[in-house]
Amino acid sequence: MEFAELIKTPRADNVVLHRPFHPAVEGTLCLTGHHLILSSRRHDNAEELWLLHSNIDSIEKRFVGSLGTIIIKCKDLRIIQLDIPGMEECLNIASSIEALSTLDSVTLMYPFFYRPMFEVVEDGWHSFLPEREFELLSSVTSDWRLSYVNKEFSVCPSYPPIVTVPKSIDDEALRKVATFRHGGRFPVLSYYHKKNGMVMMRSSQPLTGTNGRRCKEDEKLINATLRAGKRGYIIDTRSLNVAQQARAKGGGFEQEVHYPQWRRIHKSIERYNILQESLIKLVEACNDQSHNMDRWLSKLEASNWLTHIKEILTAACLAAQCIDREGASVLVHGTEGTDSTLQVTSLAQIILDPRCRTIHGFQSLVEREWLQAGHPFQQRCAQSAYSNSKQKWEAPVFLLFLDCVWQILRQFPCSFEFSEHFLIMLFEHAYASQFGTFLGNNENERCKLKLPQKTMSLWSWVNRPPELSRFKNPLFEANSLVIWPSVAPQSLQLWEGVFLRWNRSSKFLDEAYEEMINIIEYNRELQAKVNALRRQLAELETDDGMQESP
Amino acid sequence: MEHIRTTKVEQVKLLDRFSTNNKSLTGTLYLTATHLLFIDSGQKETWILHHHIAAVEKLALTTSGCPLVIQCKNFRIVHFIVPRERDCHDIYNSLLQLSRPVRYDELYAFSYNPKQKESEQVKGWQLIDLAEEYKRMGVPNTNWQLSDANRDYKICETYPRELYVPRIASKPIIVGSSKFRSKGRFPVLSYYHRDKEAAICRCSQPLSGFSARCLEDEHMLQAISKANPANRYMYVMDTRPKLNAMANRAAGKGYENEDNYSNIRFQFVGIENIHVMRSSLQKLLEVSGIRGLSVNDFLSGLENSGWLRHIKAVLDAAVVLAKAIVVENASVLVHCSDGWDRTSQVCSLGALLLDSYYRTIKGFMVLIEKDWISFGHKFSDRCCQLDGDLKEISPVFTQFLECVWNLTEQFPQAFEYNEAFLLQIHEHVHSCQFGNFLGNCQKEREELRLREKTYSLWPFLLDEQKKYLNPLYNPDLSQKHTLLEPNTVSLNFKFWRNMYHQFDRTMHPRQSVFNLIMDMSEQNKQLEKDMKELEAKIKVRNKQQNAVLTKEPLQSVHPTLKTQCFKKEQPLLPANDAIRTIEGSNTADNRYSEYMEEFSKAEPAVVSLEYGVARMTC
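Which chain is which? The protein sequence lines are A and B, in order.
Start counting the first sequence at 1; every next residue gets the next number (full-length UniProt numbering).
Start counting the second sequence at 1; every next residue gets the next number (full-length UniProt numbering).
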């Protein structure tokens, strides 16, 4: 298919762009296969807008006489308005945008066409190999091994080809366990807590069904992670009720009789369209500035967004608490093990492991616990807060995770190597990007699409020094401690950097942030100068000493 | 001391307010003439000033002892368990008495002795000089003058002696107008905007009833609008909801009839009365004090309390006021019922938006002295300094501070002071440790001879102003944006956690960016000094050496020796670690789950209450 077929009017003049907090800009609008471009004719500093079609969540059109207006609502929550003279042009452009922003085929997406203008220092597609991660693990314990049982994606289509499992469990057993777990997602290692050797595993629900099926290999596998005489915890991210209902559909949960060494805790975390609804309501509330106080608060409450944040954080803290404080191993799962499970396991690692709070470590975490672990990004992030599609598979699961990280970052502002901007960047790229990283739903699909060969990795770009410096937290000071966030509602806040980003001016806050960085940089500068002067003085003093006593 | 029967109780437990499984600290409780003191087994001290106690409650006896719950005016809540009921009863009774003094001279300010010389005490009181302040604003001038009408508090007891009025307002007009105003609080100058020549004036409601009018009062308003050469009309802002103002008419009070006053534009701004505010705060505290609170209960509680709605209303009114002056060049007369609550809020916030001086530490003190203390905000009644009418209590001043806090959040570089400054002032409005806020009006303060018998708070705050400086403050910026234009869309207003949960350590971020930056900017000053000293020393050395070198030009330093001297050098400055303190956090502080109870029994409880901001007290 040629994009040109979809573009009836590639160019329109005298288009006026309206954005909140910016003066209107008049210019020429151009449509390309992947971008909507507006350039002004002003000589001084040509105002330009480059918008990826894939970033467009929904569009609305209106007409007043022959002046058409298109309102574009983006997945990054921005809303812009284009006034286009000429009804036909306007209709053509609107229908092109609609078609181009909802392309069916992944291979038509921009990452397959994007040619980077920068030199790739390190290919991000190879930055986070499981083998390397395993090397680190094997330097502290020999209880685990890499299994290639899923090499062909035949045991579990949503798992990566290489997973870490207990050494004592062979591939044959893994195959059996896979048949006992939803989608073949048998328990695998998620995190090893060096401090006390406790582990966190994740999986999907066991397929016990109504007649209480059991699987000896499954029991053996998870028991293999326990030390003699120790108990473990299974954190089920569904309520007991939901877990019980799952049995009717062949799913279920671990029965005490078969798993006597494990204690099950149910911590309900919402999923799917309930989360999408929540996002839609929240963004709606944030975008309506006319609300009086009562209405704003009740809308904020009705969105339930912060409730979800609290639920997720609480479950993650609980998992971390079991591992660090109770010295117990943990298995986390919900139904499929691709959503709330990953929220819990990845956040628990942020709390427990200082490495995950570095830029590189966080990338590695996203890579391991989200991309390789098979979070279906393409389905979940197909649409954002302005869509009307209401597909069951769309859900801001990853955004909620990022929001939770932001909440912890706010409570421990010096313990993270990255700043809020890094999290916002990840949010943007998960929904629309020139990079291939978040395309596809799992490693299997990425492999088939040949993404590493045909697209650029986000990490290749992020890890270049000029980009890295933008995402660094000036306050960072490595903190090797476990960080326990407060989950009290008084401690949780609306993530303004994402939800209020486009609808209020942050000029004064930005300036204050600049000033803060100035103080920090000045401090470094002064320290260096004073140290240099001290050295110089010391040198002079010794020189003198030598001269005095030759 | 006659109220104290038991001075020391041992084996008292202090419960963690938000723990779901009753974690506690054991220690000894001491009762002194001024404070309640709890020292736990880790020697950590919790001091509670008797005047800070808002309520004491003795709960039903439990197996472990008799619970005693103390609620403080600075929003600290402590929950003790006293082993023996008798002791608990004694302490309870003592605290009831001690926390409700009957006479002013029982207040802490009269016994507080910071060991200052008398001259320092006098100087302290002279720190804030309101005559100076009016001079700074530019009055007296051709249009405004100092009136001696109230020199002996004859016209209005609750106003200060010195009042500024339009030059053309004669004494009969002043007297006539004051008779037509509730409590005699006639229109006077609160703030004069030099550039715009426009004024903020304040008064109480007119005694207009349904039809009464007063020519002198009408002349008074005319004089105010005439004192503004730039604009012929003036605004009259009634800060009450229209309904309340109308109800007042039945009692012979009310609001200005636009037909009777020429050139006025009358407007209601709808801030609720002290009783609504009191119960609003009550509701807010009830919600925020719930253990294991859910997000939705918190948000709906916040909504139902109406607290943020009231904060927004106050700030909205101030914005209207400031805009009238700057945009329209119009003078504004502000009143409510008596003109000492909502009027104080709106006038002071309006001035704060208009004038960057009030955004400095000293300026803020002046603002409080002027619009709150001197114009007779009834601090004694509103803060319940003496045992009195509970219906007079209202968090009007707290709301003012909260509005200022909201502004500091929106304009992080516009204020010289920080949040700690606001919290400290709040602390001392209730502590009765200093004389400033005692009593209800200046006349009363003079009768109490506070300037001789007590100390002023301000010099103490100035002494430790380092703690209250905003490291991001940029005075130049303030000059560029003289008028602050806050965004008052609802979503900008947040719950002020650092005020209402000041003492609940676990709720706050464990690392404070603010403190870090504050320390760093403090350190920068020291480093700048060090640098200068070092440079000077090096210069001296170089001179000496040059002198030596010219004499013995051939003697140069051997390079190998040079490397050796590095070993001898002074230790370099420590890295920044020293000022980055990371407070350890604990799962026990956070209530993730009740499942952990059985495991945590063995673990000693981890609860800690901090001293609070007011360490100055002891």
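It is worth saying that the hints were derived from the structure and are not from the lab.
Warning: the hint list may mix true and false statements.
Below, simulated DSS-like cross-link-like pairs (lysine-lysine); rule was C-alpha separation at most 25 Å, straight line [claimed, not checked]:
#, chain 1, residue 1, chain 2, residue 2
1, B, LYS537, A, LYS529
2, B, LYS312, A, LYS529
3, A, LYS507, B, LYS323
4, A, LYS281, B, LYS312
5, B, LYS529, A, LYS281
query: Which hint numbers does the structure go against, in order from smallest to largest?
result: Numbers 2 and 5, in rising order.
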